[in-house]
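Undergrad: In order, the protein sequence lines correspond to chains A and B. Quick note: the first sequence uses the working numbering, first residue 1, plus one each step. Quick note: the second sequence uses the working numbering, first residue 1001, plus one each step.
These are computed hints drawn from the structure, not numbers from a lab. Fair warning: this is a prediction, and the values are worked out from it, not measured in the lab. Among these hints, one or two may not hold up.
Now the stretches of chain B that chain A is said to cover, found in silico as 3 or more residues with beta-carbon under 8 angstroms [unchecked claim]:
1. 1128-1142
2. 1193-1201
Heads up, incomplete: computed chain B residues facing chain A, CB under 7 angstroms, no partners named [stated by the list, open to error]:
3. Arg1119
4. Pro1121
5. Ile1122
6. Gly1123
7. Met1124
DEER-style ranges, computed between Cβ atoms [said to hold, decoys possible]:
8. B:Val1112 / A:Gly139: 50 to 56 angstroms
9. A:Asp105 / B:Glu1229: 51 to 57 angstroms
10. A:Pro134 / B:Val1097: 54 to 60 angstroms
Cβ atoms here follow ideal geometry from the backbone N, Cα and C, with glycine treated the same way.
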Amino acid sequence: MTRVTGVLVAAVLMAGTAGCGLPKDAGTTLDDVRGGVLRVGVTENPPWTDVPDEGPPTGAEIVLVQRLAEQLDTTVEWYPGPESELMAAVKDRVLDLVVGGLDADAPWTDEASLTSPFVTMKTLVAGPPGVAVPDDLAGVQVAVRAGTADVAALAAEDATVVAVPEITGRETMPVVVGEWRLDELDLGDADHEIGSHDHVWALPPGENGWQAEVERFLLAQSHTGVEDLLVAAERAS
Amino acid sequence: MKVYQRFELPPDMARLHARAVRLEWWTIVFFLVAIGMLAATLGQSQAMKAAWIEDMLGLVPPAAFLVAARFRNRQPNSRFPYGYHRSVSIAFLTGSVALLGLGGYVVYDSLVRLALRERPPIGMIELFGQRFWLGWLMIAVLLATMVPAILLGRVKQRIARDLHDKVLFADAEMNRADWLTAGAAVLGILGIAAGLWWADAVAALIIGGDIVRDGVRTTRSAVSDLMDETPYLVDGAGPHPLPGRLHAAILDQDWVADAWLRLREEGHVFVGELLFVPTPDAGPLPERVEALTRFAKDFDWRIHDLAVSPVTRIDT
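Please model the entire structure based on the sequences and the hints provided.
TA: In structure tokens form, the structure reads like this:
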């Protein structure tokens, strides 16, 4: 019994020191990607990803994918599509990666392996210059982008929802924005948080060598680095 | 004649029982810690999940033992004239059925995953500024939970034999199953690391099979207990020698011409009926009956509640 434990410990240590080769893919994704082609599914979710009618996709995560591709000396092929289609494709390893501002709570765990979150972005209520944000939002008019879950989060705090097509920073009332927009729109008084999103990428399940490679890259990203990419993406659009 | 004995166990056994109670509390603490640690590192490994489920199940026998420990010594009363010894048997059955059900679930789940060719993903984790594969951490946690399970199981098995406590024995068996499970899960995760997608589900399947086997054995034993089976050794290896020895000792009394004895287990102790045929020169019967009752109870602490009747002849 103690011998069994001993053998196991030895096996683990050997595996750990022999190191870099483990874990391995159940398939061959990492080998295929390295020096080959990286097939990436993209769903539109600006400023994380933006899929124009003409030309390649843009956005913060697109830049990250390109950086990863450079590291691995591989060529990226973009496959835009709806999330449900891309996840079905990644499940059977037709795609190597799906990006599009995916949340860690995404329901795709049967189809794909979600990476550990590489950045957490808060959704805040902030004030344009000269506008104060009261602690209690009950009855206060707050501007929020129409058709988003933030509308419901705001309504739950009894705020008077003013749905607008886009937040510009020129509103005369508190606004709901992602935390990366505070500087860009010159917003202040942003202590009121109404939501928070852990961002992940989706990979083929069981390709653990590939997943380790991607996560090593993602975990090396800094919060401010991602924020800068988001700001740049907002400006470009 | 005093009808009821207040205490079930003689002093040295009561001390042993108190030690068992302390051990069971430690077992519960251990399992709670293990469940928490495994939950924190739980990835999408099937074998790991199976080991986790087994840890949760591992709480059932010690809990049953501790609940029974509160009830078994209660004085018989007008509502429960036979006392509360059976609470131990009921606890035993409850734990066994839980074991069986969850073992079945683990087997079913692993088979489905094998059939669907599901590939378990395990990612990276960042801990104390270090980035490493979650699989290594899972293996470390599993190995850490193996050690106390091995130690607790060994001590409890010894005490269970002395106490004639089947719940405690089942619990010790469960600890054994528990560290074997952890070992299988480690192999499953090593398999994932090597890129063998099926290794994990196969490990989970083996674990599940082992849980089911345990469940079947303990459920059968628990049902037999409640069916008033003749006393068996605590590990089920064979019939308990005590009824035969007692019967022979009673026949040895020179004023006993013939005797018939049946015993059943009620938790730790044996209860039953004794018929005897006195010899013609046996003397006044009430005194003889009382003397025989005392003799039987003094013969072994396990003889707890024995109804003794004199008869003219015994036909079997």
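Undergrad: Next item in the hint list is B:Met1124. Is there a CB on chain A closer than 7 angstroms to its CB?
TA: holds, 4 angstroms
Undergrad: Verify this for me: three or more residues of the region 1193-1201 of chain B with a beta carbon less than 8 angstroms from a beta carbon of chain A.
TA: holds (count 5)
Undergrad: Min Cβ distance, B:Gly1123 to chain A: is it shorter than 7 angstroms?
TA: Cβ of B:Gly1123 sits 5 angstroms from chain A, so the hint holds.
Undergrad: Under 7 angstroms is the threshold here; is the Cβ of B:Pro1121 close enough to any Cβ of chain A for the hint to stand?
TA: This hint holds: B:Pro1121 lies near chain A, its Cβ roughly 3 angstroms from the closest one there, short of 7 angstroms.
Undergrad: Given a hinted range of 51 to 57 angstroms, is it respected by the beta-carbon distance of A:Asp105 and B:Glu1229?
TA: Hint holds: Cβ distance 53 angstroms, inside 51 to 57 angstroms.
Undergrad: Please check whether B:Arg1119 passes as an interface residue: C-beta within 7 angstroms of a C-beta belonging to chain A.
TA: At 2 angstroms from the nearest chain A Cβ, B:Arg1119 passes the 7 angstroms test, so the hint holds.
Undergrad: Take a look at whether the Cβ-Cβ distance between B:Val1112 and A:Gly139 falls inside 50 to 56 angstroms.
TA: At roughly 53 angstroms between Cβ atoms, A:Gly139 and B:Val1112 fall inside 50 to 56 angstroms, so the hint holds.
Undergrad: Counting residues of the region 1128-1142 of chain B with a beta carbon closer than 8 angstroms to any beta carbon of chain A, are there 3 or more?
TA: holds (count 6)
Undergrad: With chain A as the partner, please determine if B:Ile1122 meets the hint condition of a C-beta pair closer than 7 angstroms.
TA: holds, 6 angstroms
Undergrad: Quick check on a hinted range of 54 to 60 angstroms for A:Pro134 and B:Val1097, using CB atoms only.
TA: holds, 58 angstroms
Violated hints for the displayed structure: none, as all numbered hints are satisfied.
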